[in-house]
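Protein chains in written order, with the numbering used here: chain A, 267 to 513; chain B, 267 to 513; chain C, 267 to 513; chain D, 267 to 513; chain E, 267 to 513; chain F, 267 to 513.
Quick caveat, the hints were computed from the structure, so don't treat them as lab data.
It is possible that some hints are incorrect.
One copy or two, either will do: identical chains are not told apart, so a pair holds if it fits within one copy or between any two.
Unchecked claim - Within a straight-line C-alpha distance of at most 25 Å, the following computed DMTMM-like cross-link-like pairs (lysine to aspartate or glutamate) qualify:
id : residue 1 : residue 2
1  : LYS319    : ASP450
2  : LYS285    : ASP512
3  : LYS449    : GLU491
4  : LYS319    : ASP446
5  : LYS285    : ASP393
6  : LYS285    : GLU399
7  : LYS449    : GLU278
8  : LYS406    : ASP462
9  : LYS406    : ASP422
10 : LYS406    : GLU504
11 : LYS406    : ASP499
12 : LYS456    : GLU278
13 : LYS452    : GLU276
14 : LYS452    : GLU278
15 : LYS285    : GLU412
There are 6 protein chains.
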Amino acid sequence: MLLHQSTWQEVEAYLERSKGIIIPIGSTEQHGPNGLLGTDALCPEIIAHEASKASGLLVAPTFNVGIAQHHMAFAGTITLRPSTMLAAMQDWIDSLVRHGFERLYFLNGHGGNVATIQAAFAESYSDWSLSGESCPHRLKGRNWWELPGIMQICRDTFPVGDGSHATASEVAVTYYGYPDSIKDVKMTPKIAPDGDFADAADYRATFPDGRIGSDPSQATPEKGEAITLAARDALIAEATAFFNSDD
Amino acid sequence: MLLHQSTWQEVEAYLERSKGIIIPIGSTEQHGPNGLLGTDALCPEIIAHEASKASGLLVAPTFNVGIAQHHMAFAGTITLRPSTMLAAMQDWIDSLVRHGFERLYFLNGHGGNVATIQAAFAESYSDWSLSGESCPHRLKGRNWWELPGIMQICRDTFPVGDGSHATASEVAVTYYGYPDSIKDVKMTPKIAPDGDFADAADYRATFPDGRIGSDPSQATPEKGEAITLAARDALIAEATAFFNSDD
Amino acid sequence: MLLHQSTWQEVEAYLERSKGIIIPIGSTEQHGPNGLLGTDALCPEIIAHEASKASGLLVAPTFNVGIAQHHMAFAGTITLRPSTMLAAMQDWIDSLVRHGFERLYFLNGHGGNVATIQAAFAESYSDWSLSGESCPHRLKGRNWWELPGIMQICRDTFPVGDGSHATASEVAVTYYGYPDSIKDVKMTPKIAPDGDFADAADYRATFPDGRIGSDPSQATPEKGEAITLAARDALIAEATAFFNSDD
Amino acid sequence: MLLHQSTWQEVEAYLERSKGIIIPIGSTEQHGPNGLLGTDALCPEIIAHEASKASGLLVAPTFNVGIAQHHMAFAGTITLRPSTMLAAMQDWIDSLVRHGFERLYFLNGHGGNVATIQAAFAESYSDWSLSGESCPHRLKGRNWWELPGIMQICRDTFPVGDGSHATASEVAVTYYGYPDSIKDVKMTPKIAPDGDFADAADYRATFPDGRIGSDPSQATPEKGEAITLAARDALIAEATAFFNSDD
Amino acid sequence: MLLHQSTWQEVEAYLERSKGIIIPIGSTEQHGPNGLLGTDALCPEIIAHEASKASGLLVAPTFNVGIAQHHMAFAGTITLRPSTMLAAMQDWIDSLVRHGFERLYFLNGHGGNVATIQAAFAESYSDWSLSGESCPHRLKGRNWWELPGIMQICRDTFPVGDGSHATASEVAVTYYGYPDSIKDVKMTPKIAPDGDFADAADYRATFPDGRIGSDPSQATPEKGEAITLAARDALIAEATAFFNSDD
Amino acid sequence: MLLHQSTWQEVEAYLERSKGIIIPIGSTEQHGPNGLLGTDALCPEIIAHEASKASGLLVAPTFNVGIAQHHMAFAGTITLRPSTMLAAMQDWIDSLVRHGFERLYFLNGHGGNVATIQAAFAESYSDWSLSGESCPHRLKGRNWWELPGIMQICRDTFPVGDGSHATASEVAVTYYGYPDSIKDVKMTPKIAPDGDFADAADYRATFPDGRIGSDPSQATPEKGEAITLAARDALIAEATAFFNSDD
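So here's chain A without its partners, still in its complex pose (with noise of 0.2 Å):
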């Protein structure tokens, strides 16, 4: 179930059997010579809308933009500072409160979001704890390569060049998702080299086509489809139990 493919009156019937929803998070960046800018965005997108199709758990729309600062030296990445996404989460995150909603599970598909995300419910938890009330809301984030036993997976299928950045699980992921956009990219050097980064214009200094340790060439949709559907499953699991959790 999509919220925004639903009506309000859905949404409300959901609300007598479940207080839970799932954000799916990302990023609109560079994912290096043949991976979409998109990529980020769309990988939990894919993954949840995957979910929601197999279990009824409700999925709000994406969250498609994030912290991409240091892939600003690259065409068509588009950033928020993240003081911007503390505010915007925040009032994603007032609104679905209001509404009755008290499992708040945002599906992550970018790394360089996860501190932003982490002091956003932080600001959030704030409200509260600074008032000496009892915060009735649960907030949790996930990375999708971070569920249960999924890393593995990625880790087995491809044992090399998986890389950090531009990874071929996650590029497979995409072309699961989207066939039509499939890119035939020769990579050179075959595997990116790894390292740290700061702001952009070092960022493209030491990652030249913007890819770190990975060699996405070895993406398929098949692939991507195996990866996909692992996720989806512990997804489903890992959501689940955070709905109907008391704590």
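Following the hints, put chains B, C, D, E and F in place on chain A, whose structure we already have.
For chains B, C, D, E and F alone, kept in the frame of chain A given last:
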């Protein structure tokens, strides 16, 4: 050409031939008994994607949550505060301008966004106007139903009960785009009341099922297709003229 | 009854009989060769003060600087950033609501303010809409030239060259209010060009002396008086209805 | 020369001969049983306008709402939060500096504004101090009653009961400026209590009719005129020296 | 009793007997050739810690960076923008008030902080004043050199060249607190110039070695001890009275 | 070399030989029955000061209040909202960068700060990444217990009950630094429970005395000294390498 389904190199190549981009911008808010919560984001997205397919114009990801405070008494609605939307639009604009885009065309799907979009444009221009330097980019907002010729088509298609919120036209466009999400709901009353509103409680008291002046049970995918394709053509014409203009 | 020329006890007594207040809101920005920089603040102020004198309606001090970024290339213009104006209007609204005012009528003198005023209203309502409580106050914005019947009078008075910035009408109203500030300037060209604008540099390049589509040398205090008095009556009628409404 | 009653060309010409401008800044807040809510904005405005008439110095529109949180328990008071006032003053300063003004003299009418005005100056200078470049403009704040010689005149005019809020002096200045707004009210007690305050509830509890230490029933337009004209002369001298200074 | 060297149970027990807390607040900024960059934070901290030791009054951690924009042309200075300091002080105040503290005494070590501290107090009170409820807490700021009797001691100790920045007195207090950090530097000129300043470049141009009006080479730990102990006693008296007051 | 105990000339001289600075950053929050409220600020401060003494590396004042919303149900805790901390860190960073520092090493003492520190780094880099220019400075955050080799020492020292909040290790470090503040408290239960938390009420309900998974009654100054000195050496090595790096 969709930005999030393209690589950065493809966007870089696009920038060689055009400085223009279309950004669908909408809202996630109740649309009555048979309208989707995502209607206002889906309509400009559907139209823009059709336009992109037909013309090659570049389309950004959809800015999918807007100003919907007045719909907050209906489950599933998500709103930004206007101050948050100003900040978020600023970051999107700054990011695209950084890459060399000079013509940003926001195709809007929600009347409630218009004021804040215009305020965001003024906020962006203010940086330049206060600095004394000349601003290289131009920002344009257009409600899809006000594209040349479209309002007439909507009125011809739905001479009675097109309405002003949860309109038959917009529901039809989403039914064209998402035929699996068609809802078969009887409207009571057949045509919803008209009127003004302030906050969410006021809105709900005046418009109990969310519609304003409309009978969206008239919507069909076929009617939606006709509107969408007309809007597509009007969008291509207007955006192309804007992208090529020197003003 | 002018708030700033009343005592607090007088305002307290007023609140016993009415919950409504008129707030003139304008801008400080160039108005061409013979228009005053204060035109857009002075017009709603003049009209509102006349209305107050004739009816006893309470009028607040004038919010005298607004969104004028596009006029910054002309000396003397002062602008707020839209985000600042949102915050300032919020504080004015919160203050008046604190005292028990429930109908706040902003009489606006500047087209460039409209979007931000509407965004500020949404910002104010958002607090209530997100809380789930019902908002006790109502906010209304009205451009003085769009008061019932006024645009027709302006067009009748100046059939040619009323224009859209530094209009003959608004200059006439200020000449009625400030006859000592009448400027005798020859317009070249007689009627200014029409068109669109973006930032300040763009505006100045397109409209070299600041006017848009107008020949304000037609303005006289007598014509201004006629417009002012008609607007006064229309304002009294509309504000009174608003103050008495239950919606 | 009043900015809002001048054209942009007149301001442009003024800038050829002076880089200085006076900005009256005040508050809209209760001033006891016979003082106007606008007193703190009207006093610096009256004095500055007199100075302008006598000297040709340029005067900006009045910044008419300030920090009045402590008066919020009295009807009609309007306050800005200090953070809002910082932002609004920043925009006024940035706008004037953009046109080439280099000496901004804020003539203040409200003790409660002093801290925030000084903080706003520091905020403006911070941009330059953090950049490492030299700031071309200078900001000066002055309470009108602290202009050289004025406090002595006030004390001589009202040896008993001038007080510190709703002072006899300030009420007299407004009575000179607005003789039609003179209020004939008996004070009980004749001289109001002295003391400190925190928030609005505390203020009201301590100072039931709003006055602090004053008997403003002594105010007359004649006494107000004497104070005003002396302040006018002191302002002309001080502002001229500031405008001409190289520091 | 120092808050940061206590357990939460100890603070909880303290709150049974007192609702008051002292917060040292200062700045990190140049203090001339022999003054420590931390002088303005260290002085109130040294005095408050002595007072705590002698009386058991609770002292919070030191707010150690303040408004120092004007010192930014000297290496090592760290400044907050006033708007940032407003926000940070708000969070400190909200936190302490949450625990039941009702009397917050800020012992300040930096003249440049005074305006922003007062603005922060007004920001805190504004929440209550705009809500219409009575604020339970009271905020007090005091510059340590203005504690009763202290200025006289400073002037008696340094009849010539105490000055107004990098004063002999404050350097002496830090030499008493940090005898290992005494710097033996010859002053040229012996007494620094007096005057005003605006931004950092202006300050450096006017006061080349950072001092204003002072000869801090007179500072000794012994003189610092005398000042510190006197300030300690004055602080205990004033804070105790404030903590016990009902106003 | 401590910045706040140095003169500006000493810092200027330091900048001739190094562009690096260490900033201890922590929190003021409950640390269970025998841990100091300042633990998380004191630990990095103690270690950094030891490192400075041993190596001459420059250490800034301690950023002593951080993200502690979840501890607000325990008296004495002080928190910043994440949005405030972003702004404050920005000002510290901007100030240090202004003087020519290019390597800012934040030695962190509080797990709850990590997300916001990383978000603050992204906020700082964003200015550069969006401008298109290359950022000259590098920002690094390190939790002191994750310095190379330290976690192992902590686990060896406290094989059972080191825990994850109010750890035996961190309490030991503060006991080494502040032997006069050692608290003799019996823990009940001996080892605190483990688990997750959200807001302050949730935290307190789950962890009644504030500890998570720890038995800090094992802490002694001797054990603290061993940990501190090992951390000191690891810090000197890592910070020196960072200061000298070209990346």
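State the violated hints by number, sorted upward, taking the hints as numbered earlier in the document.
When the structure is compared with the hints, only number 9 turns out to be violated.
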